[in-house]
Amino acid sequence: MKHSTRRFATVGALAATAALVLSACSGPADTGSGGNENAGDSLTEVKLQLQWLPQGQFAGYFAALDQGYFEDEGLDVEIIPSGGDIVPQDALANGDVDYAIAWVPKVLGSIEAGANVTNIAQIFQRSGTLQVSWADSGIESVADFEGKKIGSWGFGNEWEIFAAMAAEGLDSSTVEIITQDFNMNAFLQGDIDAAQAMTYNEYAQLLETTDPETGELYTEDDFNVISYEDTVGAMLQDAIWADTEKLEGDEEYQETTVSFLKAVVKGWIYAAENPEEASQITLDAGSGWGPSHELWMVNETNKLIWPAANGIGIIDEAAFDKTVQGALSAVNEQGAALIKEEPPAGVWTNDYIQKALDELEDEGVDTKGEGFTPIKVTLEEGGN
Amino acid sequence: MTAENLAPAIRRRRGAPARELVRWGYGLLGILVIAAAWELYKFLGPADGVVIAGARVLPRTTDLAMPHTWDMVARLFDPVTRSATANPLWLEVALAALTTLGIAAVGWLVGIVIGFLLALVMQRWRLAEWGLLPWIILSQTVPLIAFAPIVRSWGSRIEIGAFEWQDWMSVAVIASYLAFFPIAVGALKGLQSPDVIHTELMRTYGVGWWKTLLKLRIPASVPYLLPALRLGAANAVVGAVVAEVSTGMQGGIGRILIQYAGQASGDPSKAWGPIFGSIVLGLAAAGSVAILGAILRNYRRVEINA
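Top line first, the protein sequences correspond to chains A and B. The first sequence maps to residues 1 to 384 in our numbering. The second sequence maps to residues 1001 to 1306 in our numbering.
Among the clues, some could well be false.
Computed, partial: chain A to chain B, Cβ under 10 Å [unchecked claim]: (1) 50; (2) 87; (3) 136; (4) 185; (5) 280.
On the chain B side, residues computed to face chain A include the following (Cβ under 8 Å) [said to hold, decoys possible]: (6) 1065; (7) 1074; (8) 1152; (9) 1250; (10) 1258; (11) 1262; (12) 1267.
Hints were generated in silico from the structure; no laboratory data involved. Treat the numbers as computed from the prediction; the structure is a model and nothing was measured. The beta carbon of each residue, even a glycine, is placed where N, CA and C say it ideally should be.
If we strip away everything but chain A, and leave its shape as in the complex, we get (with noise of 0.2 Å):
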């Protein structure tokens, strides 16, 4: 009787071990190879590297992808999200992927440290970062902020608020900086006077937070909000970037990058046209936001990019400079630079991305989206 027990127990051991064992050797490994099988003789292998988890902010990436207009364009695409410590930028320079989704301020302090990589494509026209404070704080611009307590979220995203303390006459020694979470509790609760929010994600979850005063959700009215895309430290945020060395020598990288480009340009439009349908792919590629929150990411990002009025993806000489001059002029908490020097020629380029636009243009497509109006959005509460 307890032999048969123990044996019993042995045996059931040793089959839930199996087969967890076995389930960790099959089930990622399913999900994984299904895009491999897919892949015809015809389409050329792409990888996009993602400067963050899946959401709303590459929205018109995924939609490209959901839509076939990589497929189109004769591309088998791999969209690759980043976490913690992969640096997109060095994923790109080390040749892991081919093109890499990056803020160009970040890029050009890689680029200083010896990345070899080109922006292709200016997808955002608009900075995105706001920094926010309560109504009655009296932080009401950047000049407000000495001797108050700044949040920032370090890791290379906070460049704008030193590029713009700087415009102010402020450094870091003026200011308390403190270093930010993943969610705005550090200023909920007073630890932070100022912080730093994007307005397609850290300000969204201000706004559907529950006041405990008054027990509904917060609104605009409770916050000051002061944009950078106002301010002298404005710079700009998520480009293309591309392998420099393939793109001068490599003709058919060069077709690619083309290709690849008139696809996402149409991704893009996708989004802007369809937020609610670009939100439903970006949850469904693995995003982790509540469906409200998705939309209202959609839609933010579709404000930064649309109208854009040379086109889209087009890169504006004046805003590329003031975002170098930022760049040179910043200096953060522990006084480090960004960057020295202004950064080489080949840093920028717009001949891919206007052959893209203008072959899109042939086809009759609207690359400027001058009619674009954003939707409008209600958060729920926790953005579910």
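Starting from the known structure of chain A, fit chain B onto it as the hints suggest.
Below, chain B alone, put in the same frame as chain A:
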């Protein structure tokens, strides 16, 4: 050695099942005590926490910082999001935890193989021990933040025929990297543990290294190996979770830990779901080593009887 080790095992078996029930009861009581302490502090503690000399020694008691225990439990049974296809939170967490457990198990197994092989080599040749051991210790000082991108970068270049490197393999490699260390050190100590008297006895029998290993050293290493395996399992789980965050792998618990942390302002209870999941994950990993211990105990009795 034999009698001492056997005695508690026998005693425990005689005490079942009433005593077994009591042990579970104590475990449950422990959880309830923690929950009660949480609520008591939340009720009595100042809203802004306790700050001494500018450092907060006790946390805030607001709903944002410390949600009610019942809110956290209730949240587990609500859907993850408003979306029509959303699973309840507990299911989402459980699925993610299973994925991570599976990857950690692979990392742990790889860690056992590598750790044990290293221990064997070091036991066999003194020179290898002098040469390898410092490097094995040094290997653990490499920060994951530097290691994770390299593993992923190398992995993405591996493509042999139909085999292509998957994201979860990078995570498993990192998990095994943390897991092999205690196993290598523990196994070496275990293999070296037999008394000189016993090894000399083996030599008088004219038995070679292999047979000494099988009959003497490996059985003798079990008491050292079990805690090493448990440490290795815990390391593998921690390594897998951290590596998931680090490399951005989808589907595991590390991923939803940061994802829900980003939603903690508007939905404070949600962020605790994956934290509970990680705790269960750690218990499951430690528990599976306990099962292994039970299996190995049988092996040892056979050896003792012979």
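Hint check:
no. : hint : in the structure
1   : 50   : holds, 8 Å
2   : 87   : holds, 7 Å
3   : 136  : violated, 19 Å
4   : 185  : holds, 6 Å
5   : 280  : holds, 9 Å
6   : 1065 : holds, 7 Å
7   : 1074 : violated, 14 Å
8   : 1152 : holds, 7 Å
9   : 1250 : holds, 5 Å
10  : 1258 : holds, 6 Å
11  : 1262 : holds, 4 Å
12  : 1267 : holds, 3 Å
Comparing the model with each earlier hint shows violations of hints 3 and 7; every other hint is respected.
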